[in-house]
Amino acid sequence: MPWTEIQAASGNTAKKTAGQVGGVRDLSYRDAIREALDQALSQDPGVFLIGEGIDDYGGVFGSIIGLAQTYGSSRVMDMPLAENGLTGICAGAAMTGMRPVLIHMRVDFLPMSMDQIINHVAKWSYMTGGAVKVPLTIRAIIGRGWGSAAQHSQSLQALFAHIPGLNVVMPATPYDAKGMLLAAIAGTTPTLVLEHRWLYDQVCAVPEEPYLIEAGSGVIRRSGSDVTMVGISYMVGELMLAAEELEQSGISAEVIDLRSVSPIDEQIIVDSVRKTGRLLVADTGWKRCGISAEVAAIASERAFDALRAPVCRICTADCPTPASPVLEQAFYPNVAGIVAAVREMM
Amino acid sequence: MNLPDISKTELLRLYESLTRIRLFEERIVDLYHEQEMKTPVHLCIGQEAVAVGVCSQLEREDYIFSTHRSHGHCIAKGMQLRSIAAELYGMDSGCARGRGGSMHLVDPDCGIPGSTAIVGGSVPLAVGAALSAKMQGNGRIAVAFFGDGATEEGSFHESLNFAALHKLPVIFICENNFYATNSHIKARQPAGRIASKGAGYGVPSHTADGNSLGVVYEFAAKAIKLARDGGGPTLLEFETYRWKSHVGPASDFQTGCRSESELLKWKERCPNKLYRTDILKAGMISSEELDTIDKMIKSEIDDSFEFVRTCKQPDINTLLDYVC
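Those protein sequence lines, which keep their order, are chains A and B.
No gaps in the numbering here: position 56 of the first sequence is 44 in this note's numbering, and each next residue is one more.
Numbers given in this note's numbering equal positions in the second sequence, counted from 1, plus 26.
Please note that the accuracy of each hint is not assured.
[Said to hold, decoys possible] What follows is a set of in silico ranges between Cβ atoms, one per label pair, in the way DEER data are often shown:
{"id": "1", "chain 1": "B", "residue 1": "254", "chain 2": "A", "residue 2": "60", "range": "41 to 47 Å"}
{"id": "2", "chain 1": "A", "residue 1": "44", "chain 2": "B", "residue 2": "286", "range": "39 to 45 Å"}
{"id": "3", "chain 1": "A", "residue 1": "58", "chain 2": "B", "residue 2": "254", "range": "29 to 35 Å"}
{"id": "4", "chain 1": "B", "residue 1": "342", "chain 2": "A", "residue 2": "58", "range": "33 to 39 Å"}
[Said to hold, decoys possible] Derived pair list, reagent style DSSO-like, types lysine-lysine, alpha-carbon separation capped at 30 Å:
{"id": "5", "chain 1": "B", "residue 1": "293", "chain 2": "B", "residue 2": "321"}
{"id": "6", "chain 1": "B", "residue 1": "324", "chain 2": "B", "residue 2": "338"}
{"id": "7", "chain 1": "B", "residue 1": "64", "chain 2": "B", "residue 2": "324"}
{"id": "8", "chain 1": "B", "residue 1": "321", "chain 2": "B", "residue 2": "248"}
{"id": "9", "chain 1": "A", "residue 1": "121", "chain 2": "B", "residue 2": "64"}
{"id": "10", "chain 1": "A", "residue 1": "121", "chain 2": "B", "residue 2": "293"}
{"id": "11", "chain 1": "B", "residue 1": "338", "chain 2": "B", "residue 2": "293"}
{"id": "12", "chain 1": "A", "residue 1": "121", "chain 2": "B", "residue 2": "338"}
{"id": "13", "chain 1": "B", "residue 1": "34", "chain 2": "B", "residue 2": "324"}
[As the list claims (entries may be wrong)] To give an idea of the chain A side of the interface with chain B (calculated C-beta under 10 Å), a few residues:
{"id": "14", "residue": "74"}
{"id": "15", "residue": "113"}
{"id": "16", "residue": "313"}
{"id": "17", "residue": "317"}
No lab work stands behind these hints, which were simulated from the structure alone.
The beta carbon of each residue, even a glycine, is placed where N, CA and C say it ideally should be.
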């Protein structure tokens, strides 16, 4: 694919223009992913999708529906239940001219491929002195709710963000999902794209032509002056709702969508904390040694003097996800909890 | 006598390759005590015939993926000794710019996308390269080198399953030297041939003498032809023996993990000596010709280690280069 001809995104969002044909239109998160993959497959014969049962009628929660029919089983490939081996196979293909997209319907299947991801994929560029790159994209979906329980709902970004040599991105909007997925496929750094299942029905304006959003930059989703609220993935939406509520009681919250947890946009955090003097971090994962700890540490190292209150972290409880709806509700953070936490900081 | 049916020139090329590996590894043994080569070396002395028998029949563009014990495979595949020697000393001119060391030799121009020190790791990578070759229709094949220990790993089984399912042009070369570090295969696997593991996946599999270059050559030739013709993978188990300890330049029988008599028995079946005897017996090559080759290889090795002295250490400001 002439990846070099694809431009970087010109902004952080797109706007529909009346009467525009073939340009920007509203698209759901799942359709934005599907469009990105369709474009990658159609333009680069080196791209192929592979995953367990990805060619079935469900099409990975609709995110690749119809692509198996369009591109055939050699490019949208079902695979044996062998996550580690197939990660290695995709890595070997990536080292030798292909751009595989390995798809896991659950993030929870990634731990079975840790040897290949950590010891091989992430290390290969460094270990070979840059002689061999591994342009591998791994998509994995974070589940939530309906009693998904401990092995169908994990949010393991911190495990992977710890490893040098991997990009870990967590787009929160359809616009970012398309651009970040295309950038992952176009780039030479192995990239893990973590998608929250509850984002799949979200809709926003998405340009039809391909565009790239590189890992490593955050976005200010809402400007504010009293508190910086940094979120990732599904939690960005929760922060936006909390910010609206806080505004009604006169608290002006700035919401940052981190988008990428490795590399992480340190400057956007530091600049915002210097402006507001307060920091709340909301993660879809656990608190202990999680992304929220990393964000708090960045603020502590680089904007300590600006902090007027202790950093507050909003995360899931430090236990496996329970199945019971009552316990599940207690396990996940919510808007009310965010609002209460910010009031406490003021 | 068991010689491949090839020309005199080809026979001599194999002799050169065997000798190059042996003398290179022996030079490491000679120099290691200086402690200037700060990298764990897993020497392949005693196992040369497998590397040469397989790699000598591959095209330059064909892929090999090797392990922590990779020197022999990479030399046999055509890597420059200078590039390897410099890497052993962590130099910026090494094949991995001093980032990989002994266990991660790499040379994409020679069809070596890399080597891995995680047992079983090389196997799926080679299958992936074979998938890539098949999808690109470029006629290349891929070879995974691994030891007996790797056949206990899940990645080995997952790889055979996938390669067989898609009839990929890959050859699984198991160098069964009977030891995983210091554990004997009898303590790790039920009795039976490693090659029998291929049967469950419908992969043609054979066990053969890995110390006879002629035997290795013959089995590898068939497997390569099958892979090139679209017939899918082959698993070859070559029984062989490493003379040195798992890691480092010394022998290890003194520690009691194996007996000296076992080592001596295998040394009698030295792959290089057997081949030299065989080609001399065949009558078309004189011992003087072989001695000349020995001298030529020795000076090649002298050159590669002298080259290291002219190399620069990596600049510490480049510590973070190549991470992504």
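Each hint, compared with the structure:
no.: 1; hint: 254/B / 60/A: 41 to 47 Å; verdict: violated, 24 Å
no.: 2; hint: 44/A / 286/B: 39 to 45 Å; verdict: violated, 60 Å
no.: 3; hint: 58/A / 254/B: 29 to 35 Å; verdict: holds, 31 Å
no.: 4; hint: 342/B / 58/A: 33 to 39 Å; verdict: violated, 51 Å
no.: 5; hint: 293/B / 321/B; verdict: holds, 23 Å
no.: 6; hint: 324/B / 338/B; verdict: holds, 24 Å
no.: 7; hint: 64/B / 324/B; verdict: holds, 23 Å
no.: 8; hint: 321/B / 248/B; verdict: violated, 33 Å
no.: 9; hint: 121/A / 64/B; verdict: holds, 26 Å
no.: 10; hint: 121/A / 293/B; verdict: violated, 41 Å
no.: 11; hint: 338/B / 293/B; verdict: violated, 38 Å
no.: 12; hint: 121/A / 338/B; verdict: holds, 24 Å
no.: 13; hint: 34/B / 324/B; verdict: holds, 22 Å
no.: 14; hint: 74; verdict: holds, 7 Å
no.: 15; hint: 113; verdict: holds, 5 Å
no.: 16; hint: 313; verdict: violated, 36 Å
no.: 17; hint: 317; verdict: violated, 38 Å
Hint violations for this structure: numbers 1, 2, 4, 8, 10, 11, 16, 17, all remaining hints satisfied.
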